[in-house]
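Once you've looked at the hints, dock chain B against the given chain A.
Protein chains: 2
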Amino acid sequence: MIKRFTITALAFGFCLSAFAQDTPDASVVQKIRKEGLENSKAMNIAFNLTDVTGPRLSNSPGLKRAQEWAVKQLSDWGLKNAHLEAWGTFGKGWQIDKYYAATTLPYYHAIIASPKAWTPGTNGPIKSDVILIKADSVSDLAKYKGKLAGKIIMLDQGTPLTSGIKPDFSRYADTTLAQMAAAKAGAPARQRPAGGPMGDRMAQMMKMREVRAAISTMLVEEKVGLILTYARGGQGTFFTSNGASYALDAKPVSPELEVSAEDFLHIQRLLRAGKNVEVEADIKTSFYDQDPQGYNVIAEIPGTDKKLKDEVVMIGGHFDSWHAATGATDNAAGSTVMMEAMRILKAIDFKPKRTIRIALWSSEEQGLFGSRGYVAKHFGDPKTMVLTPDQKKISAYYNLDNGTGKIRGVYLQGNEAAGPIFQSWLTPFNDLGATTITINNTGGTDHQAFDAVGIPGFQFIQDPADYNTRTHHSNMDTYDRLVEDDLKQAATIIASFVYNTSQREAQIPRKELPTPPPAKP
Amino acid sequence: MIKRFTITALAFGFCLSAFAQDTPDASVVQKIRKEGLENSKAMNIAFNLTDVTGPRLSNSPGLKRAQEWAVKQLSDWGLKNAHLEAWGTFGKGWQIDKYYAATTLPYYHAIIASPKAWTPGTNGPIKSDVILIKADSVSDLAKYKGKLAGKIIMLDQGTPLTSGIKPDFSRYADTTLAQMAAAKAGAPARQRPAGGPMGDRMAQMMKMREVRAAISTMLVEEKVGLILTYARGGQGTFFTSNGASYALDAKPVSPELEVSAEDFLHIQRLLRAGKNVEVEADIKTSFYDQDPQGYNVIAEIPGTDKKLKDEVVMIGGHFDSWHAATGATDNAAGSTVMMEAMRILKAIDFKPKRTIRIALWSSEEQGLFGSRGYVAKHFGDPKTMVLTPDQKKISAYYNLDNGTGKIRGVYLQGNEAAGPIFQSWLTPFNDLGATTITINNTGGTDHQAFDAVGIPGFQFIQDPADYNTRTHHSNMDTYDRLVEDDLKQAATIIASFVYNTSQREAQIPRKELPTPPPAKP
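Residue numbers (the UniProt record's numbering), protein chains in the order written: chain A, 1 to 521; chain B, 1 to 521.
The following block holds chain A by itself, in its conformation from the complex (with noise of 0.2 Å):
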């Protein structure tokens, strides 16, 4: 998921005993629970979306091939009309050919980094002494000029590291579900002070932007030739942040690595101290902007209702990954869980009343762009809710995109009318762990794009895991992370949940429309 920055209970009423209860079919979803527990094929598609594959940033080839991948073996599990289908342009793609760096001086050390995303190489191997470079605003720039050229560089920022006195992995704690489970709605969302620290925090924040763009430009002009930037980690695990422009017209920039906090503070340390630093870097990029296009990948299981089957269960999760890894928690985890959702649905032969869809988003990590550009396309502008008719056809939205952690409940966004219908659904894995329904919401991924537009979209509450701790975004989200018994548990229950809204008399319940915002005058 990308970076989330709120999270705030929606203002309605909530009270399961308001509503019926919808009560499984017992005999279809013990099928389902035998056929995702006892004959999963998950850890085969998470391997071969990740060690197989590579990393998959937005229109790289890393995803392409994903893609191609993913539309062969939903086709080959016999789903109908899997498809590449564009949601508008994206920008370039680019993936690295090489890298390396050292330290030579004082003494040899190989450097763990990478380079940021959407960045150049370095044009062949380079060797320089590193520069430090300290400049709170860009007045303080002035004093470099003319001295940087072919020069690598370090900005002077980072933290010194903190051992780790908590574990890596972790689960929700009964209590802190049952917290959620309690939580109400209506609960005031936080505003934020227009003056006073926080506007003052913000007004620093533009600053630092100012002050960044700024060097940004100075370096490309001084044609600096590599900087090194701070990543956040420690012990070997970094996390990329984002990178530079994608987009077809981006202004130029430097080559740039994120290094590791260990390799980043070795050589900040001495060069504080005054001590000589060189290093050696050898870096190779390569854009890919022949097709600017995003893409998703698209697949069905039609339905078979005369009445039912133009109305739809969508599900999904996110695709694209960052570049340091394989993104096996982020989002590889969620898409083989839809994926091998979709793969139980069909080995149990079921036929759905309602079609069911599944989409895997791309250029998530960018912004929702993939579930995004879906949704203005079939059903409507969030801007302006000027709704399609496909809107109302499609009963609700399943999304996955909080890493390996097994399936502990349900964020409701708001919409308390579905609770009990999914508490329903969830009793026959209450043994699994999947027990919470929260009417607090949760955001930071696709299923937003959907509510946005009035259309029910979910995201499940999962375990923690090593997600914060170790995986979201780093160059250590790899195949090791996952865990199979939480991935099992997760597509079973998903299925699940597919088939019953499948078949489910009527729609999954919907909040008022969203109000747009005004518009501009």
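Be careful, since some hints might not be right.
Same chains, same label: a pair holds when it works inside one copy or across any pair of copies.
To be verified - Here are the simulated lysine-lysine pairs, DSS-like style, with alpha carbons at most 25 Å apart:
{"id": "1", "residue 1": "Lys-284", "residue 2": "Lys-127"}
{"id": "2", "residue 1": "Lys-145", "residue 2": "Lys-127"}
{"id": "3", "residue 1": "Lys-98", "residue 2": "Lys-127"}
{"id": "4", "residue 1": "Lys-284", "residue 2": "Lys-98"}
{"id": "5", "residue 1": "Lys-64", "residue 2": "Lys-92"}
{"id": "6", "residue 1": "Lys-127", "residue 2": "Lys-377"}
{"id": "7", "residue 1": "Lys-72", "residue 2": "Lys-134"}
{"id": "8", "residue 1": "Lys-393", "residue 2": "Lys-31"}
{"id": "9", "residue 1": "Lys-145", "residue 2": "Lys-207"}
{"id": "10", "residue 1": "Lys-80", "residue 2": "Lys-346"}
{"id": "11", "residue 1": "Lys-275", "residue 2": "Lys-64"}
{"id": "12", "residue 1": "Lys-134", "residue 2": "Lys-383"}
{"id": "13", "residue 1": "Lys-275", "residue 2": "Lys-72"}
It is worth saying that the hints were derived from the structure and are not from the lab.
For chain B alone, kept in the frame of chain A given last:
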């Protein structure tokens, strides 16, 4: 410290109340405490030993840089007779001059790894498909004959990773310390059965060693290009194992990389699934055999008491490290603390009765060679128990080599008579968490060389910190892992112990002399 295999309680009765307590001079201890806690130079010493010097593998240029720096630094503080003293023949030095490796098929991915110590480089860039070698016996190798020249191969080994459900960093709980304190002397050392499961395991290990030796010889004969070996660890941290031989007449070996678990398992999964993996690498290493002597750093604060100045209190720790990082916790930490303890004593202008001597050992990692060589030269032969007159002049030897963790107490190594003395000396530092005296012994480091010839040799109880989880022989044993407050505390306590030992009327009580093993016929 080197890998530790056994911790046993020695067979002596232990009763604190049987001994009179020593009472430290509170005003001097207070001066030591003030200098150690409020004017510490520990982090600066550690910075010089790690960031500035680099890895300190035995007889490497890095170790020589550190030794020369230490001799100068100790002299600058006013210590006398600071010098390098040869302890005997070690063998070749070695260092990494270039490390680069990456997969190029099925896609590009830079590999986190390190050349195994004392292995040769690749003699320029190489690139090949990776061949997975499965060999449980020597005869399994036949099928690979004639197929490996110039190839990159992977030994089929390693185990899937598990997630971090325990914290990396820990301190001893009060209950654990209480158990240590309550340990009774005379608990029999565990006997290894001649047959049974342990006998089988030994036989199995011997067989594996034999297979490995045969594989190694065969791979050299076949002129293999590079071996990829599984390195224990995870999430970017990997632990190095013993390297190839450092002996002057060592048999030739193949170039070999210890590969981080994620990168190793990634390639292995692909190969096991029948996928093609191509790797490129460029590794350069250098050997140093002009001076095969090993050296220790020695320096003194001379004694001033007419009767006692020929007696000596020794402190030390090993100065050498492994090569994949800067050996911050193994054992720049212990070396730092011991140097800082000497600095504190000079800073308060302490004039000891007995001479105080610091020794910074080398080649501890290969078998406590530096300390054993020193002890053999000066104090006696543990094989024959033929002792020198100087053996009687060493009141005690204090060692530190269990990472960055602060001191929680002292291992008595079965020397029960020292218990009440040390208990009393710890009293002024109880508030800093140092409280525990245990009759237990601890192994794996240089105090054992002294203990072996009947000189009281002690290692302190230290908080585990992240020594076993992250730093011990790992590529992440960096300056970042050092906890400043812990190093300050340890240096302060050790300076105080040294002060007390130097001034005490009598020497530290001795255990009975070890009985030499029977001479072989």
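Status of Lys-127 relative to Lys-284 across identical chains (alpha carbons, at most 25 Å): both (15 Å within a copy, 17 Å between copies)
Copy assignment of Lys-134 with Lys-383, given that the CA separation must stay at most 25 Å: Neither: 43 Å inside a chain and 61 Å across chains, both beyond 25 Å.
Alpha-carbon proximity between Lys-145 and Lys-207, which holds within one copy, between copies, both or neither at 25 Å: within (21 Å within a copy, 65 Å between copies)
Up to 25 Å CA-CA - Lys-134 versus Lys-72, copy category: Cα proximity of Lys-72 and Lys-134: none, with 52 Å in one copy and 33 Å across.
Alpha-carbon proximity between Lys-145 and Lys-127, which holds within one copy, between copies, both or neither at 25 Å: within (20 Å within a copy, 42 Å between copies)
Copy assignment of Lys-127 with Lys-377, given that the CA separation must stay at most 25 Å: Cα proximity of Lys-127 and Lys-377: none, with 50 Å in one copy and 47 Å across.
Within, between, both or neither, where Lys-393 and Lys-31 count as close if Cα-Cα is 25 Å or less: neither (28 Å within a copy, 81 Å between copies)
Within, between, both or neither: Lys-275, Lys-72 at alpha-carbon 25 Å: Result: close only across copies, 18 Å inter versus 56 Å intra.
Intra- versus inter-copy proximity for Lys-64 and Lys-275 (alpha-carbon distance at most 25 Å): For Lys-275 and Lys-64, the Cα distance is within 25 Å only across copies (19 Å; inside one copy 46 Å).
Alpha-carbon proximity between Lys-64 and Lys-92, which holds within one copy, between copies, both or neither at 25 Å: within (13 Å within a copy, 51 Å between copies)
Within, between, both or neither: Lys-284, Lys-98 at alpha-carbon 25 Å: Intra 5 Å, inter 19 Å, cutoff 25 Å: intra and inter.
Within, between, both or neither: Lys-98, Lys-127 at alpha-carbon 25 Å: both (16 Å within a copy, 14 Å between copies)
Hint violations for this structure: numbers 6, 7, 8, 12, all remaining hints satisfied.
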